[in-house]
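Peer 1: For reference, the chains in residue letters:
Number of protein chains: 2
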Amino acid sequence: MKDSHAKILDCTIRDGGLVNNWDFSVEFVRDLYASLNAAGVDYMEIGYKNSPKLLKGADAGPWRFLDESFLRDVIPQKGNTKLSALVDIGRVDENDILPRSESLLDMIRVACYIKDVDKALDLVYKFHGYGYETTLNIMALSHVMENDLLDAFVEIAKSPVDVVYVVDSYGSLDHRDIEYLVTKFQRHLPGKQLGIHAHNNMQLAFSNTIAAAERGVQFLDASVFGMGRAAGNCNTELLVSYLKNPKYELRPILEVIERRMIPLREKVEWGYIVPYMLTGMLNEHPRVAMALRASEDKDKYAEFYDRLTSPETVPSARGD
Amino acid sequence: MKDSHAKILDCTIRDGGLVNNWDFSVEFVRDLYASLNAAGVDYMEIGYKNSPKLLKGADAGPWRFLDESFLRDVIPQKGNTKLSALVDIGRVDENDILPRSESLLDMIRVACYIKDVDKALDLVYKFHGYGYETTLNIMALSHVMENDLLDAFVEIAKSPVDVVYVVDSYGSLDHRDIEYLVTKFQRHLPGKQLGIHAHNNMQLAFSNTIAAAERGVQFLDASVFGMGRAAGNCNTELLVSYLKNPKYELRPILEVIERRMIPLREKVEWGYIVPYMLTGMLNEHPRVAMALRASEDKDKYAEFYDRLTSPETVPSARGD
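Protein chains in written order, with my numbering: chain V, 212 to 531; chain S, 212 to 531.
Incorrect hints may have been included.
No distinction is drawn between identical chains; accordingly, a pair holds when it is met within one copy or between any pair of copies.
[As the list claims (entries may be wrong)] Capping the alpha-carbon separation at 30 angstroms, the derived lysine-lysine pairs in DSS-like fashion look like this: (1) K289 / K511; (2) K289 / K458; (3) K326 / K478; (4) K330 / K478; (5) K337 / K511; (6) K267 / K369; (7) K511 / K369; (8) K289 / K509; (9) K395 / K264; (10) K326 / K289; (11) K264 / K509; (12) K455 / K511; (13) K264 / K337; (14) K509 / K478; (15) K478 / K455; (16) K511 / K218; (17) K330 / K395; (18) K330 / K458; (19) K509 / K458; (20) K267 / K455; (21) K511 / K478; (22) K455 / K395; (23) K326 / K458; (24) K289 / K218; (25) K293 / K511; (26) K395 / K509; (27) K369 / K455.
Hints listed in this document are in silico derivations from the structure and should not be mistaken for laboratory results. Everything numeric in this text was worked out from a predicted model, so none of it was measured.
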């Protein structure tokens with residue numbers, strides 16, 4: 212595969228934090244950064260840059276509300292791996308963001324649903340003005356109407372955003388969907404780089420990611436051992452092994468899986484688990500499956516499937 | 212996807228038996244058959260039809276050496292799901308095989324390495340003469356030289372075999388490899404149906420299987436909850452959900468996962484496990500990784516990787 216254009220963005224801490232409420236020790240994150248850097252991974256998303264004033268979650272670990280001076284303690288010596296943070300519309304206080312020249316962060320990614328693209332672009336303009344690389348991550352693309360997406364493309368094309376992401380929030384897309392979306396994004400956003408963020412509900416996250424890379428998508432999201440919400444993400448170790456670019460080294464990733472991810476996976480769960488497969492297949496948010504997994508009925512798959520597919524199920528019970 | 216040509220062959224008992232030495236109870240197998248039948252799965256491979264006289268393994272469960280009268284006890288009432296058994300070259304006593312009219316089996320599959328295709332075809336001719344549907348499963352295709360394969364195609368094309376399988380024994384192929392092989396098989400074996408048997412070392416078994424189905428491959432091997440040697444197979448529940456044919460019902464598969472596979476997975480392991488990922492990536496037989504997983508060093512991935520990739524490693528230590 213011609214994949215020398217591809218860059219890996221590891222989002223273990225940011226997306227994985229949705230599994231363990233960002234309860235990663237400083238040593239863990241420091242070790243992960245050193246490992247990703249040794250492996251040649253291009254970016255590490257080290258958390259959310261949301262504001263604790265705008266979002267409940269005081270009990271969450273510090274990676275949910277990144278603070279610049281804290282970050283300098285964690286990463287006293289930056290390597291080649293760049294750092295990114297994600298912000299959500301309505302949860303970020305713009306006054307918290309320093310100019311890039313004063314920050315350890317290189318990239319700020321803005322996540323939004325399709326209805327909030329304008330608000331997201333407002334933030335993109337600001338962060339771009341501060342000197343950051345920027346991305347726009349339109350979530351839940353599998354629930355987006357074609358006309359809304361085409362409207363959004365017009366504004367996105369005019370903006371200074373560097374990268375636009377295809378985000379398969381529900382893990383419901385297959386390679387033909389990815390090809391369709393990537394082709395559409397390329398046609399309407401010819402000046403932009405593209406990214407892919409896949410979830411592994413149907414064991415297709417890696418396969419969809421390499422299908423996107425083959426079509427020219429540059430930014431490939433992944434996480435070590437797949438750690439991410441619910442079914443998790445495309446596995447960093449698979450991408451690092453698979454991409455032909457000689458700068459990638461698998462061994463440091465294997466070491467950090469051994470040291471950090473195996474013990475962690477014994478305490479918290481993510482990955483291919485039947486209720487997540489079902490929400491993926493049914494193109495639904497995984498929150499109902501996450502609730503099931505936290506209950507005594509966690510392995511009652513057939514009953515859960517009945518609930519998801521019954522025409523009598525009221526929307527609230529389905530988590531819509 | 213136009214996939215109404217596709218048939219699912221569930222090989223949970225046969226390939227999964229490689230994980231637990233075929234230690235499935237009669238109730239387990241009966242329950243699985245009823246579930247597959249209710250789900251509309253086309254074939255169930257209920258074991259090996261090897262001879263205990265020709266193969267060590269007296270401690271193995273009865274599914275390794277299927278006996279016709281035993282089989283009648285297990286499946287007193289056959290449904291629509293057909294039954295198949297696999298035989299290995301040199302391990303089957305042809306005198307053990309009854310004519311199809313006297314057997315519960317509908318299909319006999321012959322597995323061989325490329326060097327044994329002639330011997331395999333001898334068996335195919337016999338079993339075809341007995342009235343069975345037959346398949347030829349050429350294992351380890353990722354280690355086969357092009358010229359040997361082309362020679363084999365000449366003999367296979369002349370034989371009465373119904374289905375020829377693309378077998379990714381090491382889980383080392385991606386969708387482009389599958390497309391390449393399927394196109395080649397189709398060109399050289401125009402009168403034959405094709406099958407795919409994928410392993411999940413790189414989380415590509417399902418993705419490769421649907422890529423093959425899209426190219427017209429008819430027989431799709433799978434196992435419930437992916438149970439199969441080492442990284443396991445394409446998951447039956449994923450195929451049953453994904454294929455558009457309305458005859459497939461997911462619910463009975465979910466029930467049998469709940470009842471049988473979850474408790475079993477707590478006792479024996481298969482699936483995406485780093486050492487199996489490594490042998491897949493490196494296009495090696497998983498036996499060295501299986502030995503590692505049975506040892507105290509089972510999670511020493513980096514050391515294992517060094518061993519697999521060191522030029523000084525002697526072949527025997529690599530299990531070649």
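Peer 1: Each of the hints needs a verdict: does it hold here or not?
Peer 2: Evaluation of the provided hints:
no. : hint        : in the structure
1   : K289 / K511 : between (47 angstroms within a copy, 28 angstroms between copies)
2   : K289 / K458 : within (18 angstroms within a copy, 57 angstroms between copies)
3   : K326 / K478 : neither (37 angstroms within a copy, 48 angstroms between copies)
4   : K330 / K478 : neither (38 angstroms within a copy, 51 angstroms between copies)
5   : K337 / K511 : neither (48 angstroms within a copy, 46 angstroms between copies)
6   : K267 / K369 : neither (34 angstroms within a copy, 71 angstroms between copies)
7   : K511 / K369 : neither (49 angstroms within a copy, 50 angstroms between copies)
8   : K289 / K509 : neither (42 angstroms within a copy, 33 angstroms between copies)
9   : K395 / K264 : neither (38 angstroms within a copy, 61 angstroms between copies)
10  : K326 / K289 : neither (37 angstroms within a copy, 54 angstroms between copies)
11  : K264 / K509 : neither (34 angstroms within a copy, 46 angstroms between copies)
12  : K455 / K511 : between (42 angstroms within a copy, 25 angstroms between copies)
13  : K264 / K337 : within (20 angstroms within a copy, 77 angstroms between copies)
14  : K509 / K478 : both (16 angstroms within a copy, 19 angstroms between copies)
15  : K478 / K455 : neither (34 angstroms within a copy, 38 angstroms between copies)
16  : K511 / K218 : between (40 angstroms within a copy, 28 angstroms between copies)
17  : K330 / K395 : within (23 angstroms within a copy, 52 angstroms between copies)
18  : K330 / K458 : neither (37 angstroms within a copy, 46 angstroms between copies)
19  : K509 / K458 : between (42 angstroms within a copy, 28 angstroms between copies)
20  : K267 / K455 : neither (43 angstroms within a copy, 43 angstroms between copies)
21  : K511 / K478 : both (21 angstroms within a copy, 19 angstroms between copies)
22  : K455 / K395 : both (26 angstroms within a copy, 25 angstroms between copies)
23  : K326 / K458 : neither (39 angstroms within a copy, 39 angstroms between copies)
24  : K289 / K218 : within (18 angstroms within a copy, 53 angstroms between copies)
25  : K293 / K511 : between (43 angstroms within a copy, 29 angstroms between copies)
26  : K395 / K509 : neither (39 angstroms within a copy, 45 angstroms between copies)
27  : K369 / K455 : neither (34 angstroms within a copy, 40 angstroms between copies)
The structure fails to meet hints 3, 4, 5, 6, 7, 8, 9, 10, 11, 15, 18, 20, 23, 26 and 27 from the earlier list, while all remaining hints are met.
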